[in-house]
Structure formats: C-alpha cells, structure tokens
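The task is simple: from the sequences and hints, build the whole structure.
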Amino acid sequence: MDRSRPRRSHLMIWIWTIFVAVAIYLPVACGALAGLSKGRYFLFPIRAYSFEWWQKTLDSLEIQRIVQTSILIALIVTVVSLVLGFFGALAFARFDWRGRRLYQKLLLLPIFFPQPVLGLALLLWFNTLGIQPSWHTAIVAHLVWIVPVVTLVIAIQVYGFDPAMEEAAADLGAGRWMILRDVTLPILWPGIWSGALFAFLLSWGNFPLSLYTAGADSTIPKWLYSKMVAGYTPMVPALGTMSTLAAATLLLAGGAIAGFVKARRAR
Amino acid sequence: MTNFNRRDTLKILGAGALAAGAPLGFPGAALAAREKELNILCWEGYNSAQVLDPFREKEGATVKAESLTNDPTMINRLRSGESKVWDLINVNNPWARKIMYPEKLIKPLPKDEFMPYFDKMLEQFHPPYKWAMSDDGSELLGMTQRFGPYSYVVNTDKISRKTAEETGWDLFNDESLAGKYGILESDDWNVFNIFLVAGLDPFKEHSPEEMKAFEDTALKVFKGAKLIGDIATMNQALISGEIDLHMTGGTYSVSPARADGFPEMRAITPLKGPMNGKGGVSWIEVTSTVNNPELSPLAPEFLKYVQDPEVAHTVAFAEGTFNPVAQMGNKACFDLFTKDELDAIQWDSLEEEMARSVEYDIVPDYEKALDLMNNAKRQRS
Amino acid sequence: MNMTWTEQSETARMGAGQSETARAGGGRPGEGADRPALPVLQLVGVSKRFDDFTAVDDISLDIREGEFLTIVGPSGSGKTTLLRMLAGLEQPSEGNITLRGTLINDLPARRRPTCLVFQSLALFPHMTVGRNIEFPLKAKGVSAAERKARALELLRMVRLPEAYYGKNVMTCSGGERQRVALARAFAYDPDVLFFDEPLSALDYKLKKLLEKELKDLHKETGKTFVYITHSLEEAMVMSDRIGVMRAGKLVQVGSPDAIYGQPQNRFVAEFVGEVNVIGVTLSNGAWLSQETAEPVRLVLPQTMAGAERAAVVIRPEYMKFLAAPGDADNVVSGRVYNEYSLGSRIQYQVRAGERVFLIEMSRSQIRPGTGDGEVLIGWNAEDAIVVEA
Amino acid sequence: MSDATLGTSSTVREKQGKERQGRSALRHLSLPAGARCASPILLFMALGFLAPLLTVIGFAFAEPRSFAVFESFTLRNFAEIFNPADTVWMSFAWSLALALLTVAALLLICYPIAYGLVRVFGRWSSLVSIAFVFPLFISENVRLYGWTLFFINHGVLDGLLAGIGLSGPNVLFTPEITLFGMIYTYLPFMLFPMTLGLSMVPGDLIEAARDFGAGRLMIWREIELPLAMPGILIGALLTFVLAAGAVAEAKILGGQSVIMISHDIENAFTYSQNWPRGAALAVLLMIVIGGLSMAVMARLDLDRILGRR
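Chains as they are written, first to last, in the numbering used here: chain A, 1293 to 1559; chain H, 216 to 596; chain Y, 925 to 1313; chain B, 2 to 310.
Some clues are possibly wrong.
[As the list claims (entries may be wrong)] If we take Cβ atoms under 10 Å as the criterion, some of the chain B residues that face chain H in the derived model are:
1. Ser127
2. Asp159
3. Leu173
4. Ile260
5. Asp265
[As the list claims (entries may be wrong)] Simulated restraints on C-beta separations:
6. A:Ser1342 - B:Leu102: 22 to 30 Å
7. Y:Gly1297 - A:Trp1481: 55 to 63 Å
8. Y:Gly1065 - A:Arg1299: 42 to 50 Å
9. Y:Asn1029 - B:Gly204: 21 to 29 Å
10. A:Leu1477 - B:Ala299: 27 to 35 Å
11. B:Pro176 - H:Glu354: 49 to 57 Å
[To be verified] Below 20 Å or equal to it, Euclidean Cα-Cα: the simulated SDA-like pairs (lysine to any residue) are:
12. Y:Lys1062 - B:Trp221
13. Y:Lys1244 - Y:Glu1232
14. H:Lys438 - B:Met91
15. Y:Lys1062 - B:Met219
16. H:Lys583 - B:Phe79
17. H:Lys583 - H:Glu430
18. A:Lys1348 - H:Ala474
19. H:Lys273 - A:Leu1353
Read the hints as simulated data drawn from the structure, not as lab findings. For glycine and all other residues, C-beta sits at the position ideal for the given N, C-alpha and C.
Here's what the structure looks like:
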C-alpha cells in the first residue's frame, strides 16, 4: 500500500506534465491551422483549406530577404557570443579571481531585464551615438541579451571541468594552444554546442530587441508582428509555422549531432 | 553626468568600442551603395511584397520598407535622427505641409516632373492640390495616392447602416452598446473620434470645459470598449461576433473583411456631426522625399513607379488594407478594378461619404488631449 | 557514561512513544536477553536484480541481536545493495527479510526501527548541528524542549562539545560531521544501525580513532550494528562477525579470527591479505602443484573429501628459509629477487620458476644464505590451509 | 581532530572557497587570467548594456518632448509622473500585480514538473526538458496569437465545443487572459531554474530523512524546499522581472483591458513623441527591477547553484 502511493503520485506528475506540455503547443498548432485556411480571417471549423498562403510565402522575395537577414543575424550572434561566452565562462567558473562574484552577478543583469525596455534603451544609445539602426545594431542588441545566456550555459559545463587536467597537460609539455585545442575545448564541447544552439535559436525567435534596434531591416518575428498589426494575412501564421519548423529541425539536428558525437566518443 | 554632456565625445567613444565588439560595417561605410538602396517609412500596404517585389526586380535594388500605424511615430523617427536612414515617408494629409516641411524633415519634389501626374488623378486631387503643396503654395511636397473616409465600422447584421449613419457618433454614447464595441488602436485618430463623440470639432483650440467633456467622454468610451487592438484583431472580432462595431475604422480597415466574404461589415460615415455639420473624417496619404543628405536616386523613381496604373491598382489592393487610390481618375487604372474589388472599397458610396467628411488636420491641443486620453485608457480596467 | 545512556535512552523511548511498530514486530526487549542467538534480522534467499544485472544473489543470513556485523567485499560486490534492502530503501526481487519474525520486505524505511548512516553522511547542509540531530525526533513529534535536551545529550555521547548545538554543520570538520551523523542516527533510537562505509573519506589516523570510538559506542549502547566496508582491516578492528561478499554472494561469514585463520576459499584468503596461494590437483592419492617449475608433490594438513582440486594457502610469516631440504614438510627452491621493509618485518620475494613466493620475517631474524643466490624455502603442513580452489 | 583550528563560519567559508578543486596552487597565476577572460565580455557589456542604461537616465532628465539628451537637465518628467492627476501609476500597479500573480501561479504549475524532471522522468527527462525549452525559440507573438485563435468566438475551442452543442467561454480581452498569457509565456523561465534548484537536493538526504521517519510533508518542508530555494528564487525573480516588463500579452490576448507599464513606455516613444517621459518611466521600472534583482542575487551563491557543489 505504501509503495503504491509514490507510484500514484508519479502518475499524477506525468499527467500534469503532459497536460502542460500539450497546452504549450496548443497555440502553435492553432497557428499552423490558420496558415492553412483559405480565408483571411480564422473561423473554426475551417471553411476551406489551401496551401495558397504557404505558396505565397515561399514565393515572396521580401520574405526571402527577411529570412536571409534573420539567418545572418543569428549566425553572427552565435559566433560572437560563443567567443565572448567561452572566455566569459572561464572567468565565471574556471578561474578564481578578485571580483569574480561581482562579475557573475553583473553578467546576469541583462537576462533579468525586460527586453522591450532594453531594446528602447539601446535605441536611445544608438541614436545618441548617431548610429542608424539596422541589422548590424540588431546584432549588438541580441548579443547584449544572448551573451550572458551563452556564458551561463558554457559555465555550467566549465564547473564540471577539473583544472588539474589542464595542469597535467601543461606538465606533460603541452603548450597553451595545444591545451586549449586538445584538452579544454573537447571537454567543454557539449557546453559550447548547446550554447551555440541557444544563441542561434534565441536570436532567431527574438522580437522585442529586433523591433527597436533593427531599423529598416526586418527579421522574421518583426515582420510577423508588423503584419499582424496591419496587413494581416494567413501568411503570418504560415511563416510563423515555417519558422517554428525550421527551429525544431535545427534543434533536432543539433541533438542528433551531439548524440552521434557522444556515441562515437563512447566507442 | 557633467562628464558626459558632450554628445560628440560619446559618439567617438561608443562607435570605436562598438566596432571592436561587433566588427561589422556600419551604415556610414555603405554610403557608396545608395544607388541600389531605398528605404521607405510608410503605412501598411507599401511595404507589401506585391508592391515592392516588382520594383526590386526592375531596379535590382534592395528596398526596405517599415510600416507603422500612426503618423506621429513616423515623424518622430525622422526627428530622432533617422532622416539619414529613410528616403521616402508616407503620412497623412496635414503632416507634410504643416509639420515636416517647416521642420525641414522633407524636401520638395521637382514640380515639372511630378505635377503632371495630378492631372490624371480623381478630380478632387487636381492641381494644385492643397495637401501636396507647401503652405505658400510654391513647392510640391509629395504625391497623393490612397485615401478614404474613416469613422467607425459596424456589422450591419447587428446595427443597420441607416441607424448607424443617422445615430452618428452617439452610438458610442449609447450605454446599451457598452461591451459590444472595440476601439482600433491608433492614438491620434482615437483622439479625433473621442472629440467627435463628445460633440466637439477636434481641429480647433478647445476651452477647459471642452477638454473636460473630452476627458469624461474618453473615460466612458474606453470603459465601455470590449477590446482595443489592431486592424486584424478588429476584423477578426467583428467576424467572430465578439463585437458589433468598432471606433476609428473605415474603408481601409474593413475592406479586407469585405473582400474575404463578409460584406455585412461596413464602414460608416455619419450623416451629421460637429464639424460645420459634417461628422466624417477622411485621410489622404502624401508620400514625400525625406531630407536625407544621401537621398537615394531611387526615391523619385519609386514615386513615379507607383503612379503607373497597374502599380496603383496593386497599391490599392496590397495585402492588409484595400483602399481607393487617386489614380482611379485615370480610366486605364479604374478599369483594372473588378466589381468585387469596388465592392470591397465601398465604391458605391465613396463619393457621398467623402462629401460628408472633413479632411483631417492637426489638432492644436493634441498633446494635452492625448495625455487625458491615455489616463482614461488606463482607468478602463 | 554507559548508565546515563541507558537511562536516557529509555526516557526518550517512552517520551517519544516510539517503537510501536518496532516492538510490534515481535521483539520483547529484556526477554530472552540471555539468548544471543535470536536473530533481529533474518534474510532468506534474498536476491536483488536491476534489469539483467544481479546485484545481490540468493543471500541467507541471520543478524543477531546486539552484534556488530561487518560485510566486506570489493566494490561492486553488492554490499551496498544488501544494506539498502535491510534499511528498506530497496525491495528484494526475491527472498524474504524478516524482523524478529515479521516479514518486512515491503515495509518502507521510515517504518522500520532501523537507521542508515550514509557513506555521504547525508547531513542536512542548511541546518545546524542541533537541528540535524533533532530531525528524527521532530519527525516523531517530540516537543522542542525535549528535542534540545536529547540533542545535547547525544552530542556528549558522541564526544562533541555542547556548544556545537548551534553550529552550522557545513563548517564542521570531517570527523565532527561523522559524529553528528552518528548522533542523529542514535536520536532516531533504532534497534539496528546500518553504516555504509561512513569512514571511507577520512584520513588514516582519524579513521583509526573513529573505528575504536564506534566499537565503544556499540558496547555502550548495546545496539545491533551492521557495517559495510571494503577494508577488511576496518572490519577486523570493530566486528563481532564478518561476512565476505563477492559478486552478489556471501562467500563466508564468521568471526574475524575465523575469517583470517580459516578462509573457506581462495577469494577470502586473498582478500584477507597478502598470501601465497598454490593451486593443487589430486593425482593418484597425492596432491600435486603444477604452478612451480616442475610438478611438486605437497604434503597437506588434511584431505578435502571428494575434491579433485584445491588451493593451498600459506601466510608469508609461516614460510621459512631452509638451511637444508629436510627442515620443512614442503620445500621449494628459488631465487630471492626483491626485499621490502615493512617496518618491524621484512618481506622477501622469491621466484621459483614462474611463481613468486612471499616470505616475511621479523627484523630480528637473520636470513640464512647470502646475496641473491639460490635459496631453499618451505613450510610445514600444519601451517598451511587448504581451501576450495 | 582539527576542532581547535575551526574558526567562525565566515573564515571557514573563505577557506573552503580557496580550496575549491585544489585551485590554490594556481591561484597566483590565474588571478589575472580570470580577469583577462572576463574583460572582453565586460567591455562589451559596458557599451551594450551599461551605456544604454546611462543614456536612458540621461533622457529621463531631458526637457519633455525633446531630444536634448545630456544637454538639458530637468526633473519635470518625474514631476509629471508623480503628479496625482497622471494615472500612470495604475500601469505600474497592474504590471507589478500581474507579475506577482504570474510568479505565484508558476510556482504551483512548475513545481510538479520540475520535481518530475529531477526525480520521476528518468531517461525521459531530457526529452521533456526539450519540449519545454523549445517554445522559447518561437517568437512569443506567434504563440500568443495562437491562443487568440484558440479562444475567440468561432475559434478552435468554440468550434470544437459547437460540435457537441456547447459554446466556448468568453475569456478573451480581459485582465484574466492577460495573466494567463503571461503565465504561458514565462513558464520556461520558472521551470528551468526551479529544476536546477531541485536537482541540488541530494537524493540521499531525502532517503536519510525518510529513514528517520519523516513524512512527505516534513521532507518537503524541511529538506527539499530549503535546499531547492536558490533555484526557486532565481526562477521567481526571473519571471517576476520579465513579467513586469511584459506587454505583448496585454495587447494580443488582453485587448488592452489593462495597460502595462511597458506599453506606456512604448507609447511615450511613439504616439506621444515624448522620449524623455518614456525614459523617465523606464528609469522607474529599472529601479524596481534592478533593486529587486540585486537584493535577491546578493543572497545567492552562483557557484553552488550552477556548479552543484
């Protein structure tokens, strides 16, 4: 009797978790439905289904350009945030130095900051500097938020890293570069990999920062919003769904690669 | 803060360091490429793929368009220093003539090239057309295209067109409709309409008593609104039956719903009102070239491009909102409109509705009214 | 000290209204105190499988009231799993565990009158020493004042100053934490205490000290202790009985002397310490070793009835250097190739063919023969132990 | 035994800090290395985060409706905001109240899931985590609009219920649905720190407590909750802060039935053409949020939380 109780409560936890997870994806599914509706306005059950909006979305030059911009921003953000985040994480978790505690906390502040306000603040700053907002400035804005996230993600890996291994490598005659390449990086690789995924996907999905700082350039979320506010067509949910599918594919591919590498290493 | 009060010092400091942080070319480096680049700040429609894609292909140019849904924001963007970014700005009637030109945010167009286009427009736009010209009438400030009346939109299955037209703005004073109407969010246009609901002419100076009446009306109107939202939300809510009518809509906002098979949704212009007897307001967009030191040579080309009958028709039926265009005065353009399209833009009653409307103008005490309205909006919960 | 403990122990028991379940299990304290053979816990054919891995394999064992039983075995031999089943943290896949005659297979840990001291100690890091010790009392609903009194008493018992009551447990040293964990376990007032290698993380000196203290506490409290460790040395110091585990099986249970002196098989013999083990086979009524350079006929203390194969165990201290082949029952010739100092003794390694024999002598003895040349070594039949191969 | 050498708790903690992973040997060498590694990121943050915040502060003290940052100094923006006739305090109140409710609701919603991730789901844990982290990568506008489509009249819910002769609840365009949207949007921000927190509770402590006869409630209250508290605190802080600055939920789902403070800030920058007022509002929000963040973070040991030791 006593043993059945944990089992029952575990079952309740499973049910609750699945319920919440379904709720999380419910609106995503509704959006996908709306993108397949022939009519501009959504009525359920859908009166007529059509791939017309998907086709239009795929055909649009403008959307091609926006997708390119989004990818470009996300790629650059990924690379820069990995470089900054890698060293930032070493400073966060690997080295003991005066000011580390303060550094750890200051670094987290941008994460603990409402993004619309951060976006506006950056806009004001760029304006004060006389820099015109464009996708370049959007990169800077994304970085302000994403670098701390990536740093944290990598730092968690760094915590599990025994510095004695670096010392051992140095003792065995390895140079600084060789230690980095053959010891430190391979061990931190899972953290770097998930940091890269986070960086790319968070940039890909970010709206509030892009809204204020991308100027005349548009990213997918920004385009979706501006069309939602004025000029709504089912291209909005269609592109939203495509973007979601793209992110999911990337995440799955990322997971698969990580799994593959892990499996190969285990052998 | 005293150390920081020199903007230039900051600029150098910041630009240098940002360049270090994000080693990317900044727009300054891209000056040479402006021949193939055009940036448009506009109302929704001009930023659609149907309008821009052919131009992109034709010119091989990078065209970026950002749409905003209100005039003050766009103009403020220029003021804040973005006049170096944009080439064209598309705002409503009074702004070019009364604000942007005096503030040197836009520059005039060559008259000899652009005046002839006005001849082919609908009669009311024949030259010299007031809102396209500078105050002294000497300069051509922009090109007109889309226009339309806007007051409110009703679901005529719920409230007949006749009732709606005859009742006028008092619809929003009717307590039995509280909770059944929405407000299309557009702060400046909301201000006009609340003046009208209060029985006041928005486009003049107001006495303290009148402002009090405005405030009371604002409180009541916002409290009674079921929702405040954008065009898509309003149409979706009308079609879903969440609301029966909404304030601050017109042909421009309801036409996509009409085109989508909901002809019972209709923009209404009241028969009478407090503006010398008129109750409706109309808008006419004027597109001007920004006073950009590096103005793209494509800016005038684009203005000409949209005058083309085919393109004008596309502009009228760009995604988002469907509108009558001034170029319908040209038969070549008018003939492109199908019956369904004319129905969507309520062509049947367009002329009389325009006749019942005043062209909107600057509200002299806009800022005060806006503050009052925002206060009222917050108290709606 | 002893008296105080017993008295306090009784009051705490009554005050807490504890032991309903424990006693209801059939124990009548006091009664039958003179019958040491009564098992507190009895395991019959207990096995535990995780998926296709058998951690504990068909173990039967009686744990006697008041004894200090130690289970030793190399890591992975299943001793921790066995202990967790006894403590109620795992359920056996097969077999029965009874507590004073009552089946307790499925009785969860918190209903058993037993208590486990974890390898990690599992001290609650966010609580003071005092609150840690009071935890089991709080779980029983003992009043705050009584809890504190009891905690202070237990601090004394484990030889910690009372001032430690309010100390942050994370600031205690390893040995102190050890004592806090013990005090906490005693606060629960269990009939049986289980220990999962609690001393393994401590340095040698501290370990030795605590081993003895633990032994003292066992005597003072009269509780049943079940202790697991991979160190036979630790087991020898403290235990009344030792059980040796290997690959999920209990291979021998006995007193420390028995385990040391009469290992039942080669594994136990080798686990107990450095020994010479020679495999032998029965051939025409004589035992032959194939492991030396050429087969040697050996004289063994007793015959293993029916066995064809066996192992002969000779402890290094029973091996001798021989002046002449007749000086011992069994003689091997070889060559000395290493010499280690073990402090009071010296160990020699003698190579005979492929085999290496270990010989230990006290420093005062002099090794016959000189240099690294040929030597004769040997042992007497009565000094060897024959075990299962 | 080393009892005598033990000093006060603070010196001991310091000592433990130094002993971390036998780092002491390299301490002299690594002291500059850490700072060196941190410097690029610090420089970037100084320019990308600190400088913009200073600019906002600069604007907050500029003449209303001007762009004269760092050129004029006035308190008028703040005076206006604190003028009782100005109802902007209501936006603050709504934002903070809804943020508080969001935190409370998420604590309840996420706890069982976080517990499941740490102790129940086993090898399914990573899959479940991915399922919950993924929505972060979809723009929140799209997801919130999906809820509108779900709840609206003749939407998915209504349409499905109509099939069995019922009609959907009238929930859109209310403060309640705004709250719902915020709970929905910020769920991952509570879930993951909370999971991190719960995973810091060693399993053997729970077992030990159970062994001592502690019931579930006691284990939860005395062991699990206090030990998981740092993670829970981070989650609560993060969701509170993000929800306090939220605006999309009120616009897309709530039909602006309540006006959030970020909406007011945004409006000041757009319709009102009053950047300094917007900046002043932003400064006030920053004070609330920054103050709270600093206060909570000062109590946290990030090494322990993230390094799990």
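Each hint tested on the structure:
no.	hint	result
1	Ser127	34 Å, violated
2	Asp159	8 Å, holds
3	Leu173	7 Å, holds
4	Ile260	5 Å, holds
5	Asp265	7 Å, holds
6	A:Ser1342 - B:Leu102: 22 to 30 Å	41 Å, violated
7	Y:Gly1297 - A:Trp1481: 55 to 63 Å	59 Å, holds
8	Y:Gly1065 - A:Arg1299: 42 to 50 Å	27 Å, violated
9	Y:Asn1029 - B:Gly204: 21 to 29 Å	22 Å, holds
10	A:Leu1477 - B:Ala299: 27 to 35 Å	34 Å, holds
11	B:Pro176 - H:Glu354: 49 to 57 Å	51 Å, holds
12	Y:Lys1062 - B:Trp221	14 Å, holds
13	Y:Lys1244 - Y:Glu1232	28 Å, violated
14	H:Lys438 - B:Met91	15 Å, holds
15	Y:Lys1062 - B:Met219	9 Å, holds
16	H:Lys583 - B:Phe79	17 Å, holds
17	H:Lys583 - H:Glu430	10 Å, holds
18	A:Lys1348 - H:Ala474	18 Å, holds
19	H:Lys273 - A:Leu1353	13 Å, holds
Checked against the numbered hints listed earlier, the structure breaks hints 1, 6, 8 and 13; every other hint is satisfied.
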